[in-house]
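**Q** Residues per chain, in single letters:
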Amino acid sequence: MGARAGGSRTGRQGTRRLPEEGEELALSAQLPAVSAVEARLAERGVTLPGVVPPLAAYVPAVISGNLVYTSGQLPLIDGKLPASGKVGAADGGVDAETATALAATCAVNALAAIKSQIGDLDRITRIVKVVGFVASDPSFTGQPGVVNGASELLGAVLGDAGVHARSAVGVAVLPLDSPVEVEVIAEFT
Amino acid sequence: MGARAGGSRTGRQGTRRLPEEGEELALSAQLPAVSAVEARLAERGVTLPGVVPPLAAYVPAVISGNLVYTSGQLPLIDGKLPASGKVGAADGGVDAETATALAATCAVNALAAIKSQIGDLDRITRIVKVVGFVASDPSFTGQPGVVNGASELLGAVLGDAGVHARSAVGVAVLPLDSPVEVEVIAEFT
Amino acid sequence: MGARAGGSRTGRQGTRRLPEEGEELALSAQLPAVSAVEARLAERGVTLPGVVPPLAAYVPAVISGNLVYTSGQLPLIDGKLPASGKVGAADGGVDAETATALAATCAVNALAAIKSQIGDLDRITRIVKVVGFVASDPSFTGQPGVVNGASELLGAVLGDAGVHARSAVGVAVLPLDSPVEVEVIAEFT
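Chains as they are written, first to last, in full-length UniProt numbering: chain A, 1 to 189; chain B, 1 to 189; chain C, 1 to 189.
Misleading hints may appear alongside valid ones.
Distance ranges between label pairs, derived from CB positions [as the list claims (entries may be wrong)]:
1. C/G45 x B/P53: 23 to 33 angstroms
2. A/T125 x B/P53: 39 to 49 angstroms
3. B/P53 x A/T189: 21 to 31 angstroms
4. C/T47 x A/N66: 34 to 44 angstroms
5. A/A42 x C/D95: 45 to 55 angstroms
6. B/A90 x C/L176: 15 to 25 angstroms
7. C/D91 x A/R44: 31 to 41 angstroms
8. C/A90 x B/T189: 32 to 42 angstroms
9. C/D91 x A/I77: 50 to 60 angstroms
Hints in this document: simulated from the structure, not taken from any laboratory. Don't be surprised by glycine CBs; every beta carbon is placed ideally from N, CA and C.
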């Protein structure tokens with residue numbers, strides 16, 4: 001956690017629910033609170049990034065009632081796309097395995113966007129819906145496998161609360177020529 | 001109803017609302033309860049299928065509050081696509097009429113997904129939103145007509161409750177090279 | 001306002017909130033009530049059109065709880081598309097600047113659809129989510145700039161309430177060969 005500990009501290013300890021019996025308690029009470037979700041991300045070597053800044057008159061996520069709607073998340077890492085192009089294209093595209101990893105990065109960025117609104121990812125009670133857009137060569141039909149990168153990350157770090165309804169579609173092209181874009185609706189308490 | 005009566009029995013009679021005066025009562029009280037929605041499907045020769053099993057860390061539908069969000073539904077029948085390819089493509093594609101019928105099958109599968117969560121389709125108070133993705137040759141612009149296959153089925157079996165907001169878009173390609181994918185948000189009581 | 005004053009009258013004065021101190025009051029109390037949102041549209045030279053009639057078994061917008069979900073809106077003006085084709089296509093397409101203006105028209109049509117359900121646009125407390133579909137040549141990656149046309153209009157006429165979560169994707173083709181389609185979820189009180 002050390003390198004970017006500041007980024008993974010929750011700013012809203014007062015709203016954290018108490019761990020229930022048998023629940024993993026990631027850190028001692030004296031340390032800055034880190035959500036169980038972020039602890040599980042850390043076990044996978046992932047530090048939650050800062051939220052991707054808005055590019056225009058929109059924001060990374062909006063709360064309505066007990067739902068958070070994220071903007072479509074690109075797999076940006078430190079503001080850059082690790083790869084670009086269409087999945088399955090004969091020339092210059094990205095392969096399905098690479099795209100699957102990028103979809104997981106989209107999901108991490110979605111969690112960062114959600115955290116920017118609710119403060120503590122342990123407040124998530126359910127990932128309600130995921131839509132995964134895969135920039136696809138018209139011959140590529142493996143969108144479900146690619147979007148599994150996002151679905152499996154959410155399941156791994158959120159447990160039962162991470163199991164969601166989902167659509168996966170193959171689109172012509174995405175912003176910045178990104179291979180993947182993922183949007184999320186999450187319920188929180 | 002006979003052939004697959006088990007599949008159309010509701011498992012939650014206790015939660016069924018009572019029929020109101022003048023409302024169609026499909027079966028006598030002694031028989032296993034069948035929802036009015038499923039009775040109307042039966043009139044069209046459609047038996048509600050079992051829910052399409054999840055392919056990964058996602059589920060066919062999720063409840064949040066009084067809404068059910070379905071996953072994107074392909075027009076699978078007994079696990080197989082009746083047709084594949086892009087709509088309007090000169091070679092090897094499917095025509096608009098075929099795609100319209102497939103969109104209706106997507107809607108039936110969405111109803112099965114909703115039933116898997118709420119038990120009885122008569123609990124639906126409104127189809128709130130439908131998004132229809134049509135795998136399209138770039139020259140094909142008749143997506144609204146194709147997605148009407150889903151919209152008209154929902155209107156036919158749900159009446160006023162089936163009239164929804166809708167988006168229809170033409171995408172490059174869909175999972176399994178399906179010509180159509182439909183997702184639904186339904187409100188229930 | 002004169003030319004289509006009837007179209008911009010609110011039919012639900014009883015539900016209008018009172019203007020707060022310092023808030024712009026567009027018209028004197030004796031005139032038919034015009035929402036502040038429509039007054040700001042008028043400052044931009046935009047008269048809210050009548051709602052685009054449904055093409056099938058769907059409607060322009062549906063209320064569920066305190067949310068309004070719009071159907072995907074095309075940039076129709078008086079029932080016609082001002083331009084058609086894919087954005088960024090070498091032959092016969094539309095340029096990004098034109099598409100951006102069309103996206104703003106989609107947003108205006110979305111406001112008309114919302115008004116058809118809630119009567120008075122000043123009841124909007126938040127634009128929760130915008131999805132912008134841009135019919136794109138596979139080489140065009142500027143979807144965010146195009147969809148900014150919608151985002152900036154919503155921000156301009158709704159202020160803080162207009163700042164939303166958003167997804168922008170590039171699709172193969174849209175209904176009627178429209179360059180843009182925009183759908184909106186709005187929260188209201």
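**Q** Looking only at beta-carbon atoms, does the pair C/A90, B/T189 fall within the given range of 32 to 42 angstroms?
**A** Because 53 angstroms falls outside the window, the suggested range is violated.
**Q** When you take the CB atoms of B/P53 and A/T189, is the distance between them in 21 to 31 angstroms?
**A** 30 angstroms, holds
**Q** Could you see if the CB distance from C/T47 to A/N66 stays within 34 to 44 angstroms?
**A** With Cβ atoms ~37 angstroms apart, the hint holds.
**Q** For C/D91 and A/I77, compare the CB-CB distance with the range 50 to 60 angstroms and indicate the outcome.
**A** Distance hint for C/D91, A/I77 is violated at roughly 37 angstroms.
**Q** Is it true that the C-beta distance of C/D91 to A/R44 lies inside 31 to 41 angstroms, as the hint says?
**A** 47 angstroms, violated
**Q** Taking 23 to 33 angstroms as the stated bounds, is the beta-carbon spacing between C/G45 and B/P53 within them?
**A** At 54 angstroms between Cβs, range violated.
**Q** If I claimed the Cβ atoms of A/A42 and C/D95 lie 45 to 55 angstroms apart, would that claim hold in this structure?
**A** 46 angstroms, holds
**Q** How does the Cβ-Cβ distance of A/T125 and B/P53 compare with 39 to 49 angstroms: does it lie in that range?
**A** 25 angstroms, violated
**Q** Go ahead and decide if the range 15 to 25 angstroms is satisfied by the Cβ distance of B/A90 to C/L176.
**A** 21 angstroms, holds
Comparing the model with each numbered hint stated earlier shows that hints 1, 2, 7, 8, 9 do not hold.
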